[in-house]
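Under our numbering, the first residue of the sequence shown carries the number 1, and numbering increases by one thereafter.
No lab work stands behind these hints: they were computed from the structure.
Heads up, a few of these hints could be off.
[Stated by the list, open to error] Capping the alpha-carbon separation at 20 Å, the derived lysine to any residue pairs in SDA-like fashion look like this:
(1) 10 with 33
(2) 10 with 46
(3) 10 with 60
(4) 10 with 67
(5) 10 with 48
(6) 10 with 119
(7) 10 with 45
(8) 10 with 31
(9) 10 with 62
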Amino acid sequence: MPNLHAIEIKAFVPARDYEVSRRFYADMGFQERSEFDGVAYFALDECSFLLQRFYDQAHADNFMMHLLVDDADAWHRRLVEQDLIARYREHNVRMTAPADRPWRMRDFHLIDPSGVLWHIGHNLG
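Can you make the complete structure from the sequences, with help from the hints?
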């Protein structure tokens, strides 16, 4: 029987301004582990994604990422304390306040410099 064990899955996140997005994700707390030919590998703990020098507005406006964390409120506080939104305001970065959702999750939304919507949250009880 063949070995069909999956190791990892990564999304290719679009970037309208590749250099701005690289700085944004580093400021957000991700570590850039490599970069080659317009693709940067970002990781934080066991989570990772590939940022690509590619942008199509319709694609970016409909692209979402979900980051499951231990404490969404702590993440939100850290991003507020870093003044992340004000530092990237000219790139239309926005963030909502954390809220409890009917699907038993507490999360907040963060829109990156390319319009990608991030759901950052933790499971409730």
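Now the hints, each set against the structure:
1. 10 with 33: Holds, because 14 Å separates the two Cα atoms, which is no more than 20 Å.
2. 10 with 46: holds, 11 Å
3. 10 with 60: Holds, at about 16 Å.
4. 10 with 67: Holds: residue 10 and residue 67 sit about 12 Å apart, inside 20 Å.
5. 10 with 48: holds, 6 Å
6. 10 with 119: The given pair, whose Cα atoms are some 16 Å apart, holds under the 20 Å limit.
7. 10 with 45: holds, 14 Å
8. 10 with 31: The given pair, whose Cα atoms are some 15 Å apart, holds under the 20 Å limit.
9. 10 with 62: holds, 17 Å
Hint compliance for this structure: no hint is broken.
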